[in-house]
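These two chains come separately, so use the hints to put the complex back together.
For the record, the sequence lines run as chains A and B. Residue numbers for the first sequence follow our numbering, beginning at 1405 and rising by one. Residue numbers for the second sequence follow our numbering, beginning at 9 and rising by one.
Calculated from the structure, these hints are not laboratory results. Do not take every clue at face value.
[Said to hold, decoys possible] With the C-beta cut set under 7 Å, the calculated list includes, among others, these residues of chain A facing chain B:
1. Ser1445
2. Pro1447
3. Ala1449
4. Phe1450
5. Lys1453
6. Leu1628
7. Ala1634
8. Cys1657
9. Pro1658
10. Arg1661
11. His1664
12. Arg1665
13. Glu1683
14. Gln1687
15. Ser1720
[To be verified] Listing some non-contacts, in silico: residues in chain B with all C-beta distances to chain A over 12 Å:
16. Ala86
17. Lys101
18. Glu104
19. Val158
20. Val162
21. Phe169
22. Arg173
23. Pro187
24. Leu239
25. Leu283
26. Arg291
Cβ atoms here follow ideal geometry from the backbone N, Cα and C, with glycine treated the same way.
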Amino acid sequence: MKRLWRIGSVVALGALLAWPAGAGAFQSEGTVRIGAMWALSGPGAFFGKSSHGLASLAIDEINEAGGLVVGGKRVKMQLYAEDDACNPEQGLAVVRRLATVDKVLFSLGPSCSSVAEPVFGTLQKRLDDPGDTGLQLLFFTDTATKFGLAKLSPWVFRNTPDEPAMYDFVVKYLKENYPDLKTVMVAYESDFAHSASTWKLALQPALERHKYHQVVEVVDWRWLDNEFGAQVAKLRRANADIYFSLTHTPSTCPSFRELHRQRVKPRIIIGVTSIAAGEVLRQCPDVAEGLIAPSNFAPITAKAKQVADKAWERYSADSHIHSVPAYENVHLMKVLIEKAGIKNTEESLLEDRRKVRDLLARVGTFQGVVGKIKMNPDDHPVRPRDVDKDMILVQVKSAKWTVFWLPANLKQN
Amino acid sequence: MPRILLDATEQLLNGLMYGSLYALIGGGFTILFGVMRKLNLAYGSTIMAGAYVSLIPFYLFGVPAWVMLLSSIAGAVAVGFLVELVCFRFLRKGHELAPLLTTIGMLIVIDEAIVHATGAVGLEYARPFGEESLAWGPFLVRPDYLAILVAALVCFSLIFFLIHRTRLGRAMRAVAERPQAAQILGVSLRRINVLTFALTSALAGVIGFFAVVSVGAARPEMAVWLTGKGLVVTVLGGLGSLRGAILGGLLLGVLEFETMWFLGTSYRDILAFLLLFAILVVRPAGLAGARAT
Chain A
1405 MKRLWRIGSV VALGALLAWP AGAGAFQSEG TVRIGAMWAL SGPGAFFGKS SHGLASLAID
1465 EINEAGGLVV GGKRVKMQLY AEDDACNPEQ GLAVVRRLAT VDKVLFSLGP SCSSVAEPVF
1525 GTLQKRLDDP GDTGLQLLFF TDTATKFGLA KLSPWVFRNT PDEPAMYDFV VKYLKENYPD
1585 LKTVMVAYES DFAHSASTWK LALQPALERH KYHQVVEVVD WRWLDNEFGA QVAKLRRANA
1645 DIYFSLTHTP STCPSFRELH RQRVKPRIII GVTSIAAGEV LRQCPDVAEG LIAPSNFAPI
1705 TAKAKQVADK AWERYSADSH IHSVPAYENV HLMKVLIEKA GIKNTEESLL EDRRKVRDLL
1765 ARVGTFQGVV GKIKMNPDDH PVRPRDVDKD MILVQVKSAK WTVFWLPANL KQN
Chain B
9 MPRILLDATE QLLNGLMYGS LYALIGGGFT ILFGVMRKLN LAYGSTIMAG AYVSLIPFYL
69 FGVPAWVMLL SSIAGAVAVG FLVELVCFRF LRKGHELAPL LTTIGMLIVI DEAIVHATGA
129 VGLEYARPFG EESLAWGPFL VRPDYLAILV AALVCFSLIF FLIHRTRLGR AMRAVAERPQ
189 AAQILGVSLR RINVLTFALT SALAGVIGFF AVVSVGAARP EMAVWLTGKG LVVTVLGGLG
249 SLRGAILGGL LLGVLEFETM WFLGTSYRDI LAFLLLFAIL VVRPAGLAGA RAT
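Chain B on its own, in the form it takes in the complex (with noise of 0.2 Å):
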């Protein structure tokens, strides 16, 4: 195989690799905005949150990697109640940019918040996955992507199953769809709100877990990186849409590892965004969005 090819195939494996964690962050923000129609810009804090209340059993007990993964979801569905209490169970209906104001000072509030309590130090996290790469013929994998892939696989094959085959998935589609018939039909839209909650902030524990761990170390600035992302990838994707969003998310990571392999790092989020832009002015919508009526 030729040596650009084969340069290629390599960043295409990463970036496929990597990009299903992009997938998952998008995943949780379209989930949220899906289901209430608000965009949560404290996700990403949420998600940092999780992976920050996992290395307090880690430094206290020197816990296994399962039982972090597990402090992490339950670390960040506790972040996430706070910033559905804080931000949006109590603001008037009619002022939609008021969540994304609420939101904005969470992010900040709670960066800030690790930023004292760690003496802005970033974290050494675990390394379950070990330190050396796989080698596959001529490439190398990180085992800790590898990893990233099969968890983004489980938790959408999760979601997926969750949102088509159970009462609650039901319930969701139909306060997204037309939330006041199904008000109307018995669905406590309150519950649907914090149940999605829930499972967005169960999800952003995975995320947080996954992310530090291919990091190896947690940073509190890493959320503002992980809001942007989410973001890029949501809008990519189409709001709302989860299938867009795995789209959005895989297709933004290879990109970027195609771009910073043969162009270099300053051309990475030029031509992301170059792409979004295009991708709306085509479809508007975002890939996999419903299109406007």
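Only chain A is shown next, with the shape it has when bound in the complex (with noise of 0.2 Å):
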């Protein structure tokens, strides 16, 4: 009888692991399913967290407008977010869940390009190649930033910040706004690719192509490093004008503590896009008081306060540059999917897949929180399927991020 009850414990135990998410949706119930995949646990989770955060926002507001309409009938967005937690070999099990055992329209995420880049390399590479296999799954990613992780499938399009073009812009204005400051050092973090790629496929090849400033000392660590003395102590050395800090929180703030403690005072600090969030203001304003740093979000018009402080309010969601693109896709893929004429059932799936994806990549330019975000289409030359977007400089101001720089179609308000 023990044993009968162990073997019938275990069966349904696995048929509840195997029993498809939230079966019996689609178009017979009312709903139309939105995958994700983030890091929702380990050291990446602030990232993850935060675009679940906002997505959630976004989807609560379509819901509580009625839904989409889809065929005629009101239907409400149902997500399916799942962990990665930033680790490749945890994302390949997931993209395979999300395609095949939640069968999602498509999917947000993932939040590491670590992750993305193995993901994505699972996804059809040629359209309408019968012997291509790979998995035709859209993906509409919010946060994965390394440079050319588009360009892997017709099935991936990036909301993502174009990185080598911030700072590109950062290191000109330097140069035209502050001639005098000319040496520069660098700290970045060598085991996270963004930090690394920011440094090596943005800031350095910058400050190659401008040759005005002359790097006079490049630190690195890890990014969960506890001690930065030593390498403090060489940015002593250097005592350069313009300090760029490529790095995230977890070591930036312990870090910035150290240049205080060894007196090391550059005239100004620029710090990596993903560090403008709330995160660098809860664990150390005041070391980080007056750090600079390119980003696409900054809370300065009426509509961006009311989603940064609804996101907050509903989901302890900080809004950044990686977490609000996970807002304005599910808007804007709210729009296409009420455009595309998708049947939304089990059946239909993988057509109704590619009439979103296709619309995705005419849409052209779309409405942001902050300003327009123009996608570029399959046969862009060089980023294709990744967005254009306006570039805010923003600054930390008595523990808080306020705007250092605006382009001139940017307002205020």
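Dropping the structure here:
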């Protein structure tokens, strides 16, 4: 009897785990399935959780306004958010689940470029090629930023920052507005793809292109390191005018404290794009004072402030350069799904994904939270399926992110 | 003094001070292993849990640092008892690998519980030792590192006193060396195990406070870092040897600082593990471990 009970329990548990999440959904149940894979646990969870919060807010807004119209019927958006823990192996398992078990129409995420690279590698490379058996799942990425990821598959679209262009602008801006500041020192995280690629693929080429600044010291550390004494001592000795801190909050705050302790006082400090979020203000507002960061988001308009406040109230989610695109992507996809004429059935899933993909490839310019965003088409020579959007420079002042520089077409209100 | 010598001396001082934190972590691992002959891989999480508990009175009432230190000790002891109960007490004898798995599981559970409770955001911690380094001639010395060194001296003095000068310490040594004989002589193994857990967990509370003070913010992923350093120091010094843990911690600290200064971060872990391999080849029982019989 005991044995039978054990076998029964195992079978029941197995059935529960294997049962497709939300089985019986689609048009007949009045839902459209939206997938997402983010780092919801582990050290990268700060990014994943904030994207999750902003996407959930957008879905709430759509559903509270009555949902979306598919085939003449109002249906609700339903989010299937999976945790890839910023781990490539887990990401590969999750993408299969999203495509074949959750059966989502499209997916947001992932958070980490190190996950995005192998995951996008499993997608179909050539549309309409029956010999290409890669997954036909549309990704509309909000966070994974590494240059060139959208080229990996025609199923990948990204609403992420164009960091080479951003740092090119920063170097040019410094050259024109602070001509007396010529020496540069740099710190980056050698084990964090985003940080290392910002230095090697964005900032270093920009400094070489403009041929104005002299790099006098480059130090690196690991993004979860806790001790920075030796590297900061090197920065102290370099004593450069401009310090590029291409590091994320876990190493930025303690390294800034070490700079303060060792009395290192660069005239200007420029951060990595991801630093322009609430985390650094909660951990080290005092030593981050004056830090400037290139970003695509700051709560500069009434709409942006409202989104940031609601995301924090409902989901304790931080609105920043990587999470706000999740909000924008959901709202854009709502419009495209309504236009695409999908059937929203299990049988029509592949066909539906393709219709939405093709519309997204032709969307052109759409409205973001702070300005217009332009999606590059499939045949863009350099950055297909990536976006161009306005860049802002933000600065920490009195424990708040404030606008340091805005392009002429954006106005603060 | 030539510049290279000045640099090497400054990194030596930093390495010794920071290495004393490594020595404390290794000490916690090794005391438990010495008495119970089992590795507690959830020790890093116990350290972090203590630090996070101390944040509660800090954020709610803005308490002074000494209250945070006491809360960290109390929190770590509570979590330590939980680890003992869940991961060790009910495991049958003869399954030596079981505690490894249960404590790895506990490490992950505690870590993820903190991630969920805090939204994975690091939380600013108290800075009771100020923000300015002290200038000692040509050297800059961090006051919090000095405090770590003093804390390590105090903790190890108390632990050596407890182990070598008290009845409890005698019983612990007896259980460590001849558990069955100790039992026959009336020593309760369970009581000694629980008290050892209490002692090492209280030490974890002290480590948690000073480790997080030195970083300036509490972050859940620090638990994995603490576990890694603790294991290296314990094996380097010799499993079960407190003197070995002190030696191993200081050696690792100095090696890391000198490597980061002269070679860069990427060589830090390579050299640390090469040293570990070399020492294990020459002295398989570690720097101060008992010789194999």
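Here is how each hint holds up against the structure:
{"no.": "1", "hint": "Ser1445", "in the structure": "holds, 6 Å"}
{"no.": "2", "hint": "Pro1447", "in the structure": "holds, 4 Å"}
{"no.": "3", "hint": "Ala1449", "in the structure": "holds, 3 Å"}
{"no.": "4", "hint": "Phe1450", "in the structure": "holds, 5 Å"}
{"no.": "5", "hint": "Lys1453", "in the structure": "holds, 6 Å"}
{"no.": "6", "hint": "Leu1628", "in the structure": "holds, 6 Å"}
{"no.": "7", "hint": "Ala1634", "in the structure": "holds, 4 Å"}
{"no.": "8", "hint": "Cys1657", "in the structure": "holds, 6 Å"}
{"no.": "9", "hint": "Pro1658", "in the structure": "holds, 5 Å"}
{"no.": "10", "hint": "Arg1661", "in the structure": "holds, 5 Å"}
{"no.": "11", "hint": "His1664", "in the structure": "holds, 6 Å"}
{"no.": "12", "hint": "Arg1665", "in the structure": "holds, 4 Å"}
{"no.": "13", "hint": "Glu1683", "in the structure": "holds, 5 Å"}
{"no.": "14", "hint": "Gln1687", "in the structure": "holds, 5 Å"}
{"no.": "15", "hint": "Ser1720", "in the structure": "holds, 5 Å"}
{"no.": "16", "hint": "Ala86", "in the structure": "holds, 24 Å"}
{"no.": "17", "hint": "Lys101", "in the structure": "holds, 24 Å"}
{"no.": "18", "hint": "Glu104", "in the structure": "holds, 26 Å"}
{"no.": "19", "hint": "Val158", "in the structure": "holds, 18 Å"}
{"no.": "20", "hint": "Val162", "in the structure": "holds, 22 Å"}
{"no.": "21", "hint": "Phe169", "in the structure": "holds, 30 Å"}
{"no.": "22", "hint": "Arg173", "in the structure": "holds, 35 Å"}
{"no.": "23", "hint": "Pro187", "in the structure": "holds, 35 Å"}
{"no.": "24", "hint": "Leu239", "in the structure": "holds, 16 Å"}
{"no.": "25", "hint": "Leu283", "in the structure": "holds, 18 Å"}
{"no.": "26", "hint": "Arg291", "in the structure": "holds, 27 Å"}
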